[in-house]
Structure formats: structure tokens, C-alpha cells
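Enquirer: Each chain is listed here by its residues.
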Amino acid sequence: MSPVIALVIVAALVAVTTILGFVLRSRSVRVTKSDITALDLRELGIPTTDGLWSVVQFTTVYCSRCPAVRRSITSALQQRPDAVFSEVDLTDRPQVANQLRILQTPTVLVVAPDGMVAARLAGEVTGADVVAEIE
Amino acid sequence: MTNRPVDTETTEHSSNVSASRAIDARGPRFGAAITTVLLLVAVFLAAIGTSPDASGATVSERAGDPAFVLSAVIALLFVWGFTVPTSAPWAVLFRTVVKPRLGPTRDWEDPRPPRFAQFVGFAVVTIGLVLHLVGVPWALVVFGGAAFVAAFLNAAFGFCLGCEMYLGLVRLRVIRPGSPL
Numbered sequence: 001m002s003p004v005i006a007l008v009i010v011a012a013l014v015a016v017t018t019i020l021g022f023v024l025r026s027r028s029v030r031v032t033k034s035d036i037t038a039l040d041l042r043e044l045g046i047p048t049t050d051g052l053w054s055v056v057q058f059t060t061v062y063c064s065r066c067p068a069v070r071r072s073i074t075s076a077l078q079q080r081p082d083a084v085f086s087e088v089d090l091t092d093r094p095q096v097a098n099q100l101r102i103l104q105t106p107t108v109l110v111v112a113p114d115g116m117v118a119a120r121l122a123g124e125v126t127g128a129d130v131v132a133e134i135e
Numbered sequence: 001m002t003n004r005p006v007d008t009e010t011t012e013h014s015s016n017v018s019a020s021r022a023i024d025a026r027g028p029r030f031g032a033a034i035t036t037v038l039l040l041v042a043v044f045l046a047a048i049g050t051s052p053d054a055s056g057a058t059v060s061e062r063a064g065d066p067a068f069v070l071s072a073v074i075a076l077l078f079v080w081g082f083t084v085p086t087s088a089p090w091a092v093l094f095r096t097v098v099k100p101r102l103g104p105t106r107d108w109e110d111p112r113p114p115r116f117a118q119f120v121g122f123a124v125v126t127i128g129l130v131l132h133l134v135g136v137p138w139a140l141v142v143f144g145g146a147a148f149v150a151a152f153l154n155a156a157f158g159f160c161l162g163c164e165m166y167l168g169l170v171r172l173r174v175i176r177p178g179s180p181l
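Residue numbers (my numbering), protein chains in the order written: chain D, 1 to 135; chain B, 1 to 181.
Residues from chain B that face chain D, not an exhaustive set, calculated with beta carbons under 7 Å:
hint: 1; residue: Val43
hint: 2; residue: Phe157
hint: 3; residue: Tyr166
In case anyone wonders, no lab produced these hints; they're calculated from the structure. This one's a predicted model, so the numbers in the text were calculated from it and none came from an experiment. Positions of the beta carbon are idealized from the N, C-alpha and C atoms, including for glycine.
With the rest of the complex left out, here is chain B:
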């Protein structure tokens, strides 16, 4: 029974997660918690702003809407999160302020799933931004709300919606295999 090709102790840091690449799994969840709050504020601002009646507002009114500005900032933070994740603001905040106050982690993870989730978050928020800009009513509320659901499930339940959706997105030809990271 010991000569079977089943590795146990070594699995943790060998096959999929090489020790040098693995990151503290609490980091992305901390970032997701902050993103959750930002998205909730963005949805609220969108609901009281120009979004419900976007077709009745001018382009400059739509672009100057606080909800649009905040959603654009969130989208840029997502871009930062999947391009240079180690220097993204929430990752730096976690490393310098939060992590020193926590005990050592037992929960290491591959950095690719959270990066992919950042990409999915960026795509969802950006669709909302573009639709809002061309005057589609409720777009900021709906797509901001969708991104909120994903971020909240990640922060509160450790469930990575974007990661779960990878094969579905490939199959629907929304993304190509291997892309974007």
C-alpha cells in the first residue's frame, strides 16, 4: 500500500503549488472584503444616481456620476490585481499592516485562481461601465451587483465564483483556453 503513486505529505508544496509561488490564502480574501464594501457603495450610488434613468441623461452626466467614477476606480484596481498582484494596494496593505498581526498561515494557495477572479471582476464591472456610458438603464446597478455577489462569496465563504466558472467560460467561448494569465 505504500508503493502506490499516491503522494500525501509532499503534495502540499510540490505538484500544483510550488513552494516559491504559493501565497497566503488570507491575502486575496482580505482584498475581496475591501472590494465587497467598495462595490456595495458603488451599487448604492448607482441606484440613487443616473443609472436607473441612464437614457434620460447626457453622456457627460453619465460619466460624471459618482457611481461611474467609483466603478471605474474599482475596475482599475481589478486590472492592477491581475497584472501586478504583488504591488496591488490591498495586497500591500495586507502584507504590511494586517499580516504582521496575524499568526502564521496554514492555508497556502496557488496565486493563479485569485488572479483569474480579478480578471473576471474587471470584465463584469467594465461591461457595466460601457453599457452605462452608452445609456443602458440599470447597467451600473446590475453589473456592479453581480461583481458584488462574486466578491462577497469570496470574502465571506471562501467561494471563488470566477474560478468555478473558468471551464464554463471556455466552453461558451467567452475566453480562450489558457488566457488571460
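Here chain D stands alone, though its shape is the one from the complex:
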């Protein structure tokens, strides 16, 4: 292959990756109405929270963005005495990831006091995103 065409390929690779980077950055938080309606907190090892909202963040030890997301959520939840934060490490529990269809970390579930999942957030979630889902 001629060096000119090779240079074009390399330049295209850089350009496409740059665009991909900006796309990933701009839509880094996805909020979906969860198709998993009820979540058994006790099964996940989370103490039941009578009458309180539960914010559950799923992480793995390889998740580089999770610590910052946790800090943002716990700090925002200080204004919400009706919500409790907990974290579930899925590194060694792929069966839980399978059950809940979690492919990406962090994934945050906002669980209503009745145990129903109100929202599922994935990506670079902020505390404000979470609070917005607590009705």
C-alpha cells in the first residue's frame, strides 16, 4: 500500500476516534425506565430500608469512574434524608450482573420505598441525576 493511502487511513482513524470520544462524553449518562421492576435488596446484601428510597450503585474493582460517581451521589444525598446509598461490587458476582442485565459500570438503580425500581442510570452519573429520579 502506498504511504499516502496509509497516512489517510491513520488520519481517518484519529478523526473517527476523536468523534467517538466526544459522542461518549456527551451522552455519558443514560437514564432508562428499568424493565426490571422489583429489586430484592436483601438478596444483594443490602439492609432493608423501611420507608426510605434506596440508591444502589453497581461497581467492579476495574471501574475507573465509579469512585467519583459514588462521591457525587453520597454528597448529593446528604440533602435527602429519605434516601440511603449502597454499593454492590459485581467483580466476583457475574450472576447478579446477568440477572439485572448490567453490562456497564457504574450502573445505578433508584429503588422506591416499595421495592420497585424507579430508574436505572448508567455511565457518568451525578448526584443531581439521581436526586432528579427520587420523587
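Following the hints, complete the assembly by docking chain B onto the known chain D.
Expert: The following block gives chain B in isolation, referenced to the frame of chain D:
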């Protein structure tokens, strides 16, 4: 509201990142930047070398291709990066030359995500090396390009593709939970 089990100030250095293990997050990103440049050169060399017509070249021609040699060096650097990360060349360069010129970091991170990313980078580049060696056309270009995408996203956007993929890889049974680190 203060008696809830929500820790704030202490979280930074307690639950997931113990203070003794946390590393300066700028270090892995510096390494990713150098890796990005090396991978880009490797993709260019692969495109002008034997890779596009790998089936028409002999094994020794394929193994002697500069792109193959450079990709093999990159793969070995990845191995170094996930086995003894503290002594890996870019980490040492960062500690001795770059870090003293920067201010103190406010961005500490767990060393395991970047280590895992090094492992994923090694796996991707190695698949390209093996396929190239057995004569699969474009393998060095495609897998070198894939590794470039991951390294570039890490260096320029702080986005760790390998880390994001962990649960997906476990679910597809590409890796076993807890492995490799």
C-alpha cells in the same frame, strides 16, 4: 440526616481506594498517551507493510515486518504494565521526569482499573500478532487500530474502554470473574 450510613469526606481514601494503594491518576494517562503514539505508528507501518497482503508473504517476511516487531514490543510493554506496573517504563518516566514538574494531584485512583486495561490492550494486540503470523490479511492493521482507539480514548478523554468492558467480557465468558489480576 447525619446518622445515615452515607460517608462523604472519608469515602475518598477509605472504602474502595485505600490510601496506601491509590496512585496518581495522571500516571496511567501519561502512559496511554505514549502508547497511543506507538500504536498509531504501528498501524501506519502495518498498512504499508506485509499486513494488507499477509497471505502472499512468507512467515519470515511477516515476522520481520517492522509493524510486527513494533506491535510485539508494544505487547511486551502491556505485559510489563499489568505484571509489575510500578517498574514499567512509562510509569518510571512519569515518576522521575514528568511528575516533579507537575503540581500535586487531586486525582487519586485505584491501580486495578488501569492494570486491567493493560491486560485488555495486551490481549487485543496479541490476537493481531498471532493472526498476522498465520497469514490473515489486515489483522495487524485492524487489531492495532482497535488498541489505538482504546488508548486514545483513555489518554484524551479519560475514558477507560477496557474497564467499561469488564462485565461484558465476563458475561461473554471471554474472561473469568476475578481474573486476571
